[in-house]
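Student: Sequence:
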Amino acid sequence: MRQVKHLLEGKGTDIFSIAPDAPVLEAIKHMAERRVGALLVMRGERLVGIVSERDYARKVILQGRSSAQTAVSEIMSSPALTVGPDTDVFDCMRLCTDSRIRHLPVVSGDRVVGVISIGDLVKEVIDAQAEQIEQLQRYITS
1 MRQVKHLLEG KGTDIFSIAP DAPVLEAIKH MAERRVGALL VMRGERLVGI
51 VSERDYARKV ILQGRSSAQT AVSEIMSSPA LTVGPDTDVF DCMRLCTDSR
101 IRHLPVVSGD RVVGVISIGD LVKEVIDAQA EQIEQLQRYI TS
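Every letter in the sequence shown is one number past the one before it in the UniProt record's numbering, and letter 138, counting from 1, is 138.
Keep in mind the hints are simulated off the structure, nothing from the lab. Because the structure is a prediction, the values reported are computed rather than measured. It is possible that some hints are incorrect.
[Unchecked claim] The calculated lysine-lysine pairs, modelled on DSSO-like cross-linking and capped at a C-alpha distance of 30 Å, are: (1) K5 / K29; (2) K123 / K29; (3) K123 / K5; (4) K11 / K29; (5) K11 / K123.
[Claimed, not checked] Now the in silico label distances, taken between C-beta atoms and shown as ranges: (6) H30 / E131: 32 to 42 Å; (7) I140 / V107: 35 to 45 Å; (8) D110 / Y139: 16 to 26 Å; (9) K123 / L62: 28 to 38 Å.
Glycine included, each C-beta is placed from N, C-alpha and C at the ideal position.
Please model the entire structure based on the sequences and the hints provided.
Tutor: If you want it as structure tokens, here you go:
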């Protein structure tokens with residue numbers, strides 16, 4: 001099975017982030033503009049957490065807090081679960097499933113090098129299974 005670094009080669013290494021002291025409303029606007037479900041929370045180059053639409057729904061809306069008055073640091077998940085570039089796709093899938101998360105920052109050393117989502121992982125597993133089925137069909141019909 002392929003590793004995270006292979007996913008990033010095809011997907012790209014764009015990182016969408018926000019500062020921990022930014023208002024949640026700004027985070028939600030960034031997510032909507034970029035069509036993503038989560039942002040990394042960065043203090044300079046350092047990963048300090050992750051904030052998702054789920055965090056917003058549970059920790060702002062359901063608690064009657066103000067999106068404009070609440071800082072991202074108050075609702076972010078911290079520390080963020082991370083994986084390395086050499087992590088196997090199945091291990092990532094297991095981590096997402098067991099932890100009930102949808103986004104994994106990819107960290108090499110102290111540097112964030114990308115982000116993968118559960119959608120990226122599912123697509124990779126489906127593609128790998130389709131390739132395996134095709135190989136088996138070719139073998140059987142040969």
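Student: Now tell me if each hint is right for this structure.
Tutor: The hints, checked one at a time:
1. Taking the CA atoms of K5 and K29, the gap is near 29 Å; set against the 30 Å cutoff, the hint holds.
2. The suggested pairing of K123 with K29 holds, with an alpha-carbon distance near 27 Å, which does not exceed 30 Å.
3. Between K123 and K5 the CA atoms are separated by roughly 15 Å; this keeps the pair inside 30 Å, and the hint holds.
4. Proposed proximity of K11 and K29 is supported: the alpha carbons are some 23 Å apart, at most 30 Å.
5. Under the criterion of a C-alpha separation no larger than 30 Å, the hint pairing K11 with K123 is consistent with the structure, at around 11 Å.
6. Judged by the Cβ atoms, the range 32 to 42 Å given for H30 and E131 holds: they are separated by roughly 36 Å.
7. For I140 paired with V107, a C-beta distance near 43 Å keeps the hint of 35 to 45 Å intact.
8. A hinted range of 16 to 26 Å for the beta carbons of D110 and Y139 is inconsistent with their spacing of about 46 Å.
9. Between K123 and L62 the beta carbons are some 31 Å apart, a value that agrees with the proposed interval 28 to 38 Å.
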